[in-house]
Amino acid sequence: SQKIEQNSEALNIQEGKTATLTCNYTNYSPAYLQWYRQDPGRGPVFLLLIRENEKEKRKERLKVTFDTTLKQSLFHITASQPADSATYLCALDDNNNDMRFGAGTRLTVKP
Amino acid sequence: GAVVSQHPSRVICKSGTSVKIECRSLDFQATTMFWYRQFPKQSLMLMATSNEGSKATYEQGVEKDKFLINHASLTLSTLTVTSAHPEDSSFYICSARDSRGRRNQPQHFGDGTRLSIL
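Top to bottom, those sequences are chains A and B. Just so you know, the working numbering puts 371 at position 89 of the first sequence, and the rest follows in order with no gaps. Just so you know, the working numbering puts 124 at position 43 of the second sequence, and the rest follows in order with no gaps.
Please note that the accuracy of each hint is not assured.
[Claimed, not checked] Restricting the straight-line Cα-Cα distance to at most 27 Å, the calculated cross-link-like pairs of lysine-lysine (DSS-like) are:
{"no.": "1", "chain 1": "B", "residue 1": "145", "chain 2": "A", "residue 2": "392"}
{"no.": "2", "chain 1": "A", "residue 1": "285", "chain 2": "B", "residue 2": "122"}
{"no.": "3", "chain 1": "B", "residue 1": "122", "chain 2": "A", "residue 2": "345"}
{"no.": "4", "chain 1": "A", "residue 1": "299", "chain 2": "B", "residue 2": "122"}
None of these hints come from the bench; they were simulated from the model. Since the structure is predicted, the reported quantities are computational estimates derived from the model, not experimental observations.
Produce the complete structure using the sequences and hints provided.
Below, the structure written as structure tokens:
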């Protein structure tokens with residue numbers, strides 16, 4: 283069956299450290315993968331997109347990698363801040379023009 | 082940036098009531114809009130894809146007669162939960178993709194509707 287698994291439900295780190303979130307997928311062949319941020323009671327907000335032929339993508343303190351052999355994407359936030367605390371969702375295309383989402387990882391950055 | 086407005090943000094009503102939720106793209110046109118449902122600490126579950134001027138495409142297990150979708154214009158899609166029951170209580174979120182963009186363009190989400198059926 284098809285699965286999208288994000289490594290942990292919750293991740294707690296200290297301010298200033300790098301947060302690393304994992305997204306693994308099974309029985310998908312996505313042409314691209316996206317990461318979103320969702321705050322409580324709000325809709326997700328798009329952060330980054332990475333295509334299957336790209337190994338890495340950066341945007342300010344964010345970095346995403348995409349390994350189609352491992353079927354995995356890693357999402358890094360460097361120099362993390364308490365304001366980065368949120369739930370982060372990975373999403374990938376299912377080749378039918380629809381995006382499928384993981385359950386998310388709730389990140390808490392402690393001051 | 083692109084904005085999607087979803088209304089209402091919260092609904093509390095009695096069992097048996099029908100509830101309509103609106104999703105509007107404010108500064109772009111969207112041939113396709115998506116409706117999701119999200120339970121606490123769970124992922125967004127795609128319910129249906131709303132296509133302007135044609136019938137919506139529903140995911141397996143989603144009752145089309147229960148969740149009526151209308152996409153009458155390039156900027157508006159509505160989801161009506163008919164004869165809602167307590168088990169329909171959830172967080173409903175819509176999203177839209179700019180029609181001018183390629184398929185891999187990001188989706189822009191509304192802020193969701195918290196539906197509570199008593």
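What hints, given by number in increasing order, does this structure fail? Violated hint: only 1; rest satisfied.
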